[in-house]
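**Student:** We have chain A; now place chains B, C and D with the ligands onto it with these hints.
Protein chains in written order, with the working numbering: chain A, 1 to 271; chain B, 1 to 271; chain C, 1 to 271; chain D, 1 to 271.
Just so you know, these hints were derived from the structure itself, not from any lab.
Since we're looking at a predicted model, the values are computed, not measured.
Possibly wrong hints are sitting among the right ones.
As the list makes no split between identical chains, a pair holds if one copy fits it or if it spans any two.
To be verified - Capping the alpha-carbon separation at 30 angstroms, the derived lysine-lysine pairs in DSBU-like fashion look like this:
#1 K256 / K141
#2 K64 / K34
#3 K64 / K168
#4 K154 / K142
#5 K193 / K161
#6 K55 / K271
#7 K64 / K161
#8 K140 / K34
#9 K55 / K193
#10 K142 / K128
#11 K64 / K154
#12 K271 / K256
#13 K154 / K271
There are 4 protein chains.
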Amino acid sequence: LSVAIKAGKVRAPTHIISTICDDRGEEATYAGVKMSTLIESDKGVGDVISLLWFKRSLPRYCTKFIEMCIMLCADHGPCVSGAHNTIVTARAGKDLVSSLVSGLLTIGPRFGGAIDDAARYFKDACDKGLTPYDYVEAMKKKGIRVPGIGHRIKSADNRDKRVDLLHKYGRTFFPSIKYLEYALQVEKYTLTKANNLVLNVDGCIGSLFLDLLVSSAMFTQQEIDEIVEIGYLNGLFVLARTIGLIGHTFDQKRLKQPLYRHPWEDVLYTK
Amino acid sequence: LSVAIKAGKVRAPTHIISTICDDRGEEATYAGVKMSTLIESDKGVGDVISLLWFKRSLPRYCTKFIEMCIMLCADHGPCVSGAHNTIVTARAGKDLVSSLVSGLLTIGPRFGGAIDDAARYFKDACDKGLTPYDYVEAMKKKGIRVPGIGHRIKSADNRDKRVDLLHKYGRTFFPSIKYLEYALQVEKYTLTKANNLVLNVDGCIGSLFLDLLVSSAMFTQQEIDEIVEIGYLNGLFVLARTIGLIGHTFDQKRLKQPLYRHPWEDVLYTK
Amino acid sequence: LSVAIKAGKVRAPTHIISTICDDRGEEATYAGVKMSTLIESDKGVGDVISLLWFKRSLPRYCTKFIEMCIMLCADHGPCVSGAHNTIVTARAGKDLVSSLVSGLLTIGPRFGGAIDDAARYFKDACDKGLTPYDYVEAMKKKGIRVPGIGHRIKSADNRDKRVDLLHKYGRTFFPSIKYLEYALQVEKYTLTKANNLVLNVDGCIGSLFLDLLVSSAMFTQQEIDEIVEIGYLNGLFVLARTIGLIGHTFDQKRLKQPLYRHPWEDVLYTK
Amino acid sequence: LSVAIKAGKVRAPTHIISTICDDRGEEATYAGVKMSTLIESDKGVGDVISLLWFKRSLPRYCTKFIEMCIMLCADHGPCVSGAHNTIVTARAGKDLVSSLVSGLLTIGPRFGGAIDDAARYFKDACDKGLTPYDYVEAMKKKGIRVPGIGHRIKSADNRDKRVDLLHKYGRTFFPSIKYLEYALQVEKYTLTKANNLVLNVDGCIGSLFLDLLVSSAMFTQQEIDEIVEIGYLNGLFVLARTIGLIGHTFDQKRLKQPLYRHPWEDVLYTK
Ligand SMILES: CC(C)(COP(=O)(O)OP(=O)(O)OC[C@H]1O[C@@H](n2cnc3c(N)ncnc32)[C@H](O)[C@@H]1OP(=O)(O)O)[C@@H](O)C(=O)NCCC(=O)NCCS
Ligand SMILES: CC(C)(COP(=O)(O)OP(=O)(O)OC[C@H]1O[C@@H](n2cnc3c(N)ncnc32)[C@H](O)[C@@H]1OP(=O)(O)O)[C@@H](O)C(=O)NCCC(=O)NCCS
Ligand SMILES: CC(C)(COP(=O)(O)OP(=O)(O)OC[C@H]1O[C@@H](n2cnc3c(N)ncnc32)[C@H](O)[C@@H]1OP(=O)(O)O)[C@@H](O)C(=O)NCCC(=O)NCCS
Ligand SMILES: CC(C)(COP(=O)(O)OP(=O)(O)OC[C@H]1O[C@@H](n2cnc3c(N)ncnc32)[C@H](O)[C@@H]1OP(=O)(O)O)[C@@H](O)C(=O)NCCC(=O)NCCS
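With the rest of the complex left out, here is chain A:
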């Protein structure tokens, strides 16, 4: 574009470029698809996400997988950072958006952000043909925990139901689950180290999303790299948890809870 402008071919350069939604016509379109078409052809929330984020209509097994991820990550109780900050803000008498946002801002490297990293590292290791042993030991040398592996409570004998559900779905409906298989190989090796080093839900979503991108045959290699690099999968968690954080806000308002003040006794005042 800037070349075209410099060359004088474009007369009035615009300041904003946008490609996902056009609201100028009779009816807004999502990546070129009219809203009425979406409703009339019985599409769902997963299709809208697929159009607005990935700019294409994905097959039903993909959009349903997206919806499953949203359902499974929608909430995880009041104790995690996000829900906690939302609850504190709602109890300070603030509006819905402020309460939601105060919680969303805690999402990051330590809370909710392991899906993208799991995808990045599994993809890199698998594409390079590293054996699980080589991959895990290389990470150990770098002092990085394998993202997508490990759980506080779950273990080989007490598996996370969500992982089972996703695994089963992928195995049944995906044309291929190369990356999930790789992740399971990694788990097999880490389980020889400790019983709780299972493939966790983040690792499962991360690897299966790679399989979705590849096996749907609707993305070029470059597009897949871009998706992983920009970090779309984090977006899945952010959107999903928005449902829960809004729920917690309503909950506190219904319960008419007063201003929260953290108890003095729980603070170590030091130098």
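**Tutor:** Here is chains B, C and D with the ligands on its own, set in the frame of chain A:
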């Protein structure tokens, strides 16, 4: 509770009360329903919202309506306040959550917040048995525009497709659409004043949601009042638009857009 | 303006109007004053606030009062909502701006927002010539607590040092302290009801700021009303506490604190 | 601590540790200093920042420098990302905190965040004894622009007044300005490349703050490294610009500006 504590019946009072999601057991539950049950019985995103916000399983025609609202409000182009701020923040090189949040914070009385008000006013007028004439003229006297009525571009001869789609859905699947009918009566009257005073999408969602709450027979009168007062329906727009704002963030990052600076020529510097 | 545009008198209407800072020239100006002038004439932070918020240079006793308010409200420990949410976000590994903002969003009716209300109500009552008795009893009838009155811990025998410091400053340097005197009369009456119904720091700042606006003789009546209505004084608290919230973020990062998770035992999971 | 807990030496471990402000006593203290002491000894905003961020009382020439930075960075017109988003949010009818926060979230690598990077790189290069030539050429090879160098409009013949003011202050009042001198050497070299590759205000603040930390002789080497690594200097810009963003919010509310909608003509809708 505080009475029980004072009476010494509760030993260790807690600082937080929470009712929507229990993460203590084997598997987290949403309003008492296990995640695996949700997936196995082929539930969708609308069911999760229904459990986490309304604390009950709503029938399919309700959860599908919720999903339709989310689909229809997911985005409306890059020019509206929310998308614009998200775009500016993404172009400042900030992360996904910061970009999303900067846009969400514009949602309020003038952008995206007319659904709740439409529900509040239509409910009040309809329950009081006001004729459309009485209601509209009373609002005029108070100097308040009728929420849910009016559109910049659409008119009686050029109707908003989204309103048609929702209207048709409600008429086909809802047991009763008393409030929508009332809203349409109001429109009939306002159209005698000006051709663009149509029932808009906010008014359509607001009135139909009242019909959902009443006709499902799953809410007490008091619960309905609480939902309208707290403003749950705003939550629908906030959640829906989160999809679009995340989409705009990815879009700008894909396009590698540089820092946005508003043009000096577009600013009137005055005293 | 819009009339002028319609009349064709203004050719290219701008979309943004701005009056506080002009960055087009050699050197940016704050309300017309050059930065170098500010530094060379040994002005301070209070002068910058006075120019950017009130659009005029206030006398030294005023800008020093503004600085005192900022100093006294800069922080109040880690237990209050704002600091708590900032701490939780910093411990989730998020950046400075996200941590700060997550805390700022809790500021509102129940935390940090009593200064404006105190000013609004004291002004109204004093201007109407209500006796303290009439004012307090009228509030009681309306079921509203007198803003600026009352404290959890402080009492008539154990006064808040900050109130004393501000009171002393106002009495010494302000040309007149009509509103503070009124607030003290109100306190005199409420103390006959309970020993802890003292004038608190919010009430003291709120009433003294009214005195500043009036006694400086630099604001019209209409300008004062606008300042109180828009709620500038809340801004003082927001700015002040920004110092503390940034401090708490650095503190947690220095201490390398891990992800915060609220303890299960402190939550009442119920229906 | 965790060792002590495991060893059973600490009985009731706390969940929060905090070191900057103690609110448990009669009067809150900032890093051990009572508020009344601060006011009575005529301290200012710079002293409060110094206590809450750096946990020590810095000499007057330091706290005054901090105040100068805040004054000079308080605002830079309505066109920059931060002010623009704040203006859009205020025009959407949102409250002060939401408007402020929407703008703050744009602060980062491309807007307002060059101070820390300038300090980091100048410190590293200077400590390693790199000549300006070696440093600049090494950066060029890595494809990184020298932070703190370069300006859109200013040049060797048309210098930024703020840089002059800060430079003069440092030269007059700082015991030593080793890092600023180094930065000026770098500028000398970059100016041989292009006339606009001047030391900019971010570079000037960044290098002078290093001089402050070192020359005050109040910080250990490790503490200085920590300050630069955590990124305190970004905090200076964030706090300063909070003044301006609050000012822009009041400005739009005073002007009663309507909802902002970006003009369609300024958007390139593409694929
Ligand atoms: C999820 C997680 C935090 C649980 O950790 P935990 O049960 O508290 O584990 P601990 O910190 O007590 O570690 C126990 C041992 O297992 C090791 N370990 C834990 N997770 C590991 C991983 N992902 N890769 C390699 N080793 C791991 C630890 O290094 C430690 O070994 P050590 O005692 O020799 O140092 C952790 O497994 C992890 O960080 N995983 C990677 C990030 C991730 O996927 N997070 C998703 C959760 S939302
Ligand atoms: C949507 C809306 C902003 C469009 O407004 P607009 O086309 O710019 O309308 P204008 O401001 O030019 O008003 C044109 C006339 O119609 C009237 N009007 C517009 N909307 C009205 C309403 N909802 N109720 C009553 N009268 C209305 C105006 O008062 C005006 O009459 P006047 O010229 O005698 O003063 C407006 O209809 C409105 O505010 N509706 C209510 C809020 C709402 O539902 N918003 C949802 C949109 S997301
Ligand atoms: C600051 C405050 C929350 C402290 O409250 P508290 O010590 O917890 O007081 P309680 O809620 O236990 O109330 C004790 C009694 O004093 C009364 N009271 C407390 N504050 C009052 C006020 N501002 N005006 C009138 N009555 C008041 C209460 O109504 C109650 O009377 P009751 O037992 O007959 O109902 C309270 O005084 C208040 O809300 N003040 C107004 C808002 C304000 O200025 N806040 C600034 C603090 S940042
Ligand atoms: C401030 C800044 C954005 C101004 O940039 P600009 O005037 O738009 O400069 P341009 O992008 O047109 O670059 C002009 C040339 O100068 C070079 N240049 C600009 N800044 C440079 C720097 N800091 N170091 C080295 N070279 C630089 C560019 O590489 C370019 O050379 P080229 O044409 O051979 O590629 C830029 O100097 C910069 O990024 N500085 C570093 C970051 C910084 O300090 N920002 C503070 C501003 S708040």
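**Student:** Go through the numbered hints given earlier and state which of them the structure violates, listing their numbers in rising order.
**Tutor:** Violated: hints 8, 9.
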